[in-house]
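Chains as they are written, first to last, in my numbering: chain A, 1 to 519; chain B, 520 to 982; chain C, 983 to 1123.
Derived by calculation from the structure, the hints in this document are not laboratory data. One or more hints might be untrue.
As the list claims (entries may be wrong) - In silico EDC-like cross-links for lysine to aspartate or glutamate, where the CA-CA straight-line distance does not exceed 16 Å:
1. Lys621/B with Asp1050/C
2. Lys1041/C with Asp617/B
3. Lys197/A with Asp268/A
4. Lys621/B with Glu1046/C
5. Lys738/B with Asp825/B
Stated by the list, open to error - Listing some non-contacts, in silico: residues in chain A with all C-beta distances to chain C over 10 Å:
6. Ser127
7. Phe204
8. Leu498
What the hints assert, rightly or not - Here are the in silico distance ranges between beta carbons for each label pair:
9. Pro1051/C with Ala78/A: 19 to 29 Å
10. Ala78/A with Leu576/B: 52 to 62 Å
11. Trp851/B with Pro1051/C: 31 to 41 Å
12. Ala78/A with Val1106/C: 13 to 23 Å
13. Glu1046/C with Leu576/B: 34 to 44 Å
14. Tyr682/B with His440/A: 32 to 42 Å
15. Val1106/C with His72/A: 19 to 29 Å
16. Leu610/B with Leu1016/C: 36 to 46 Å
17. His657/B with Leu1031/C: 55 to 65 Å
18. Pro1051/C with Arg858/B: 20 to 30 Å
19. Ser739/B with Phe1103/C: 24 to 34 Å
The beta-carbon is built from N, C-alpha and C at its ideal position, and this holds for glycine as well.
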Amino acid sequence: MIASLSGLTTEFVATKINYGAVLPMLVVFGAAMIGVLVEAFAPRAVRYGAQVGVALVGLVAAFMAVVLAVGHQGSTLAGAVVIDGPALFLQGTILALSVLSVLAMAERFDGIGADAFTAQGAAAPGSPQESAAVRAGATTTEVFPLTMFAIGGMLLFPAAGDLLTMFVALEVLSLPLYILSGLASRRRLLSQEASLKYFLLGAFSSAFFLFGAALLFGYSGSMDLGVIAKAIGTQSGMDGLLVPGVLLVLVGLLFKIGAVPFHSWTPDVYQGAPTPVTGFMAACTKVAAFGAILRFVYVGVGDSRWDWAPALWAVAILTMVVGAVLSITQTDVKRLLAYSSIAHAGFVLTGLLAFDRVGVSSVMFYVVAYGFSTIAAFAIVSLVRDGGSEATHLSQWAGLGRTHPIVAGAFAFLLLAFAGIPLTSGFTAKFAVFSAAIGHGATPLAVVGVLASAIAAFVYVRVIVLMYFTESGGDSVRVVPPSILTSAAVTIGVAMTLVLGVVPAPLLDLASRSALFLR
Amino acid sequence: MSLIVSLAAGAQNGVHAIAPSLASADNPIADFSDTPWWLSLIKALLVFVFLLINTLLVIWFERRVIGRMQQRPGPNRTGPFGLLQTLADGLKLAFKEDLTPKNADKVVFLLAPMIAGAMAFISFSIIPMGPVVSMFGHRTPLQLTDTPVAVLLVLAVAGVGVYGIIMAGWSSGSTYPLLGGLRSTAQVISYEIAMGLSLVAVFLYSGSMSTSQIVASQKSLWFIIPAFFSFLVYVVTMVGETNRLPFDLAEGEGELTGGFHTEYSSMKFAMFFLGEYVNMFTVSALATTMFLGGWQAPPGIAAINDGMFNQGWWGLLWFVIKLWSFMFFFVWLRGSLPRVRYDQFMRFGWKFLIPVTLLWVVSVAFIRGAQLAFFGESTRTATVIVVGVISLIALAAAWLWEGQHEAAAVPAERPEEIDPFAGGYPVPPMPGQRLREPSQQAERSLAGSTGHPELSDQEESRG
Amino acid sequence: MSACAEPDLREETDLGLVRLTRVSPYLTVGGVVLTGVFLFVAGMGARRLLAPYAPTAMKLTTYECGVDPVGDGWAQTNVRYFLYAFLYVVFAVDAVYLFPWATVIRSADLGMASLAEMGIFIGVLLVGLAHAARRGLLRWV
Chain A
1 MIASLSGLTT EFVATKINYG AVLPMLVVFG AAMIGVLVEA FAPRAVRYGA QVGVALVGLV
61 AAFMAVVLAV GHQGSTLAGA VVIDGPALFL QGTILALSVL SVLAMAERFD GIGADAFTAQ
121 GAAAPGSPQE SAAVRAGATT TEVFPLTMFA IGGMLLFPAA GDLLTMFVAL EVLSLPLYIL
181 SGLASRRRLL SQEASLKYFL LGAFSSAFFL FGAALLFGYS GSMDLGVIAK AIGTQSGMDG
241 LLVPGVLLVL VGLLFKIGAV PFHSWTPDVY QGAPTPVTGF MAACTKVAAF GAILRFVYVG
301 VGDSRWDWAP ALWAVAILTM VVGAVLSITQ TDVKRLLAYS SIAHAGFVLT GLLAFDRVGV
361 SSVMFYVVAY GFSTIAAFAI VSLVRDGGSE ATHLSQWAGL GRTHPIVAGA FAFLLLAFAG
421 IPLTSGFTAK FAVFSAAIGH GATPLAVVGV LASAIAAFVY VRVIVLMYFT ESGGDSVRVV
481 PPSILTSAAV TIGVAMTLVL GVVPAPLLDL ASRSALFLR
Chain B
520 MSLIVSLAAG AQNGVHAIAP SLASADNPIA DFSDTPWWLS LIKALLVFVF LLINTLLVIW
580 FERRVIGRMQ QRPGPNRTGP FGLLQTLADG LKLAFKEDLT PKNADKVVFL LAPMIAGAMA
640 FISFSIIPMG PVVSMFGHRT PLQLTDTPVA VLLVLAVAGV GVYGIIMAGW SSGSTYPLLG
700 GLRSTAQVIS YEIAMGLSLV AVFLYSGSMS TSQIVASQKS LWFIIPAFFS FLVYVVTMVG
760 ETNRLPFDLA EGEGELTGGF HTEYSSMKFA MFFLGEYVNM FTVSALATTM FLGGWQAPPG
820 IAAINDGMFN QGWWGLLWFV IKLWSFMFFF VWLRGSLPRV RYDQFMRFGW KFLIPVTLLW
880 VVSVAFIRGA QLAFFGESTR TATVIVVGVI SLIALAAAWL WEGQHEAAAV PAERPEEIDP
940 FAGGYPVPPM PGQRLREPSQ QAERSLAGST GHPELSDQEE SRG
Chain C
983 MSACAEPDLR EETDLGLVRL TRVSPYLTVG GVVLTGVFLF VAGMGARRLL APYAPTAMKL
1043 TTYECGVDPV GDGWAQTNVR YFLYAFLYVV FAVDAVYLFP WATVIRSADL GMASLAEMGI
1103 FIGVLLVGLA HAARRGLLRW V
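From just these sequences and the hints, can you work out the full model?
Spelled out as structure tokens, the structure:
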């Protein structure tokens, strides 16, 4: 009695904070706050430049802070944040990919503001307010602070040491994305529909996550992943709560990566959202969410995996098959890439199911490779125009290889990477996850994965054939000459796809060196 | 049963064993160990009686004082000095027909006055009205109960009380109440934030949210002095919270008839009326407790005869005096100030009260930090330096603000003659302006004739 | 000791109170709520006994300054009330964090860091408020 009482009545103890370890997040959130101030007080004319500058400087500074944080690894903020190898690797990845995403978002061709975003998000599509906002030269420069907030949440997501922090990170990264999806400058209604769908389904999945966290709290008496892991070995009388809790938390996390059967939002949102934002979501959100799943599964509940891993197997198989098969029927480039991203989520899950250090490193390598390719791919999609709006229907891409060989070549190369052809990063990444799966008793998964890759390859090759060996339907489709920003994003993305395909060893080394979770 | 008893016994032992190490300031200092449950019940009833009698009195008091301020006698027929006037009015309400509009949502329509009436009393249960006194052979504090988070309870109950208003406005199925209810809600939640923030400074000084602890920590210095700005903010917000003039926008008669209670009659209306006045007592009692030393005697009197006036039932006297001086303040405001415009009211709350109170909290935190030796051992020097720096910053800010306003305050050109219908609706002339008759204007534009000078003169004298 | 008081004792100790009370403070508060509800019910009962009740269709219409009301009173509400509700939530949560901080700052080992952190916390809120104000969200038109 006394012991329990004194446990409850201990004096308040201040938490020690290792500022070196959390500096990357602080830098990103600080840049986001500066962005809010710029939005509030800077004159309209200088906002665009200031926002892009603040965002890029903040991201680069945060990347350097990640490099510095290697010397500050450990659990901080009373265990709420754990900065270890995987966390740092994924944070670095997110920041590098974010730089590309921000470059793509900042593209304005010859307009006054970022081209992909509407002049005034609050105005109803086609309303007098909207045209007044366009005439007045309004620009939605809020997208940059919003992106920074989302990135801040993504940095926290894979580093969360307890379920509550993980939930906060999930919300911090999600809420800005809901808004960003609704801000497309063209096809406004589609964009707003995407935003609402994403929001409603996202809120639903957050509820699943919370419910699962509550059950795990009931099981172990703590939100801390380490404590939950310890509780798994012991009989507590609440054992029935463990598996439902794990599954519900996984539902919330799998929603974010768009795994089947929690994928239904992906095509609609990817299609409706502004194309650079789609690239950002496809790359960075996936990295962060896979980081969180890795930590939850490996640090938290790994010891009980025999109880729930079959469910994850089923999800992985379904994700690969459904993603690959449904991409065959797609006629819209953005939807095609969306289903492709679903299939890729399935491939990553096979690596995750290895339940070994190799699994962690292969997953981390895969998300890096896929992230660079997908941002570049979506950046290219945003360049192909038909009379001002994006030409996303596949038939409009016919003959693009002849009229615009460079852009079509780059896109074809990225598609080959998605298909997993050797000498691209896609091959090495797939090789890594499948070999991890085979090495640790998940051979059936790898077999399904290879088959699904073959199906998906057919889709990608079909697009390439369309671009190079089909007559163009009309000459209204053209590629808008990109500025230095998009050019840089595409170039870096394609270059990384090539480099990781030809000399993957350094990054694989880094991934396997940093694949050890701090427990 | 036996399990419960043994648990309780174990808890008692455990508590006694660790008691010395737990002299935490979070816990209430009021000692209820000699208060049996029946005495709590009696005290609860006394609180109700106290509030009901005070409400009856304050309504009479308000009408008399406002009468004096307007040079008329006020109610003076019913009973000595008209003292029974309120009772008569209350009885009259009970005899009136109670109507529920056809459009109304019946259940919510009934629930709303219940919430408004019943919730108003709760907060008073944690107000300390006096020190320990002897009651029916038991030594018990003149306070119904206390918890470590007593002040939060008051804020929470205030939040629930808003439901009474919004439910009344919504359920009436009528436009005026709906608007009044919404306005009132926006108003109350806006000012509740500033109220809560102003109390943070008090918590910083007292280190506790228990009301008895807060009163005890004002033994040497009432918090009105170190937290003077919080006191000012609190006084403004408490008027806003209770929907009293000059902030009674929710029931502004000129705009919204009766606001949220337009459709209410008879006892249900009486409940809203009662709730409003009890709320006035509650916020005043909280102000007394938080800033004016609660039931403690004023500094000079407290020193007489070794604190004689700070003991026993004397505390109740000081408490009631302080409480009623706030009530007088409420009445005084009502007698002397016109209603604030709604946009100005909201602007004042959001653009001045909230940010400035937040900054004030930071300043007080730094002062407290200096006193608690955060900046070094010599606390006195550190405090003086911190206070000095804060004052300088405040002065500089005030100076900048002033300068900005002077620059902005270029007197606008005022034309000699105005067209009252220029903006589409009638506008009265400013002093010294002539009014142009619209009919004349029309005539002039039609026939090209000049206006009649004698008519404009007439207008001028009329305006 | 009466039977009903014992569970409260446990509750007290769980809260870490040193001095035992006979009745839990929250039970007392609950009692006050019930008494208030009883007061309301009594008032309603008195009204039922005393007041006349003779409704007519005219009496039961809602009040609209003597004009017959058109439509029902549940009009669509202006969105600006909604914005204030949002802002309220933000600042109410902020106040919730400030209260416990204010009561523990007396322990000197918190030191300068806690002051700076709380300053930053409040600063972030002020930035948000400034943004809202600059965007005209606080302008009541």
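### Task
Enumerate the violated hints, using their earlier numbering and listing them in ascending order.
Those not satisfied are hints 9, 14, 16, 17.
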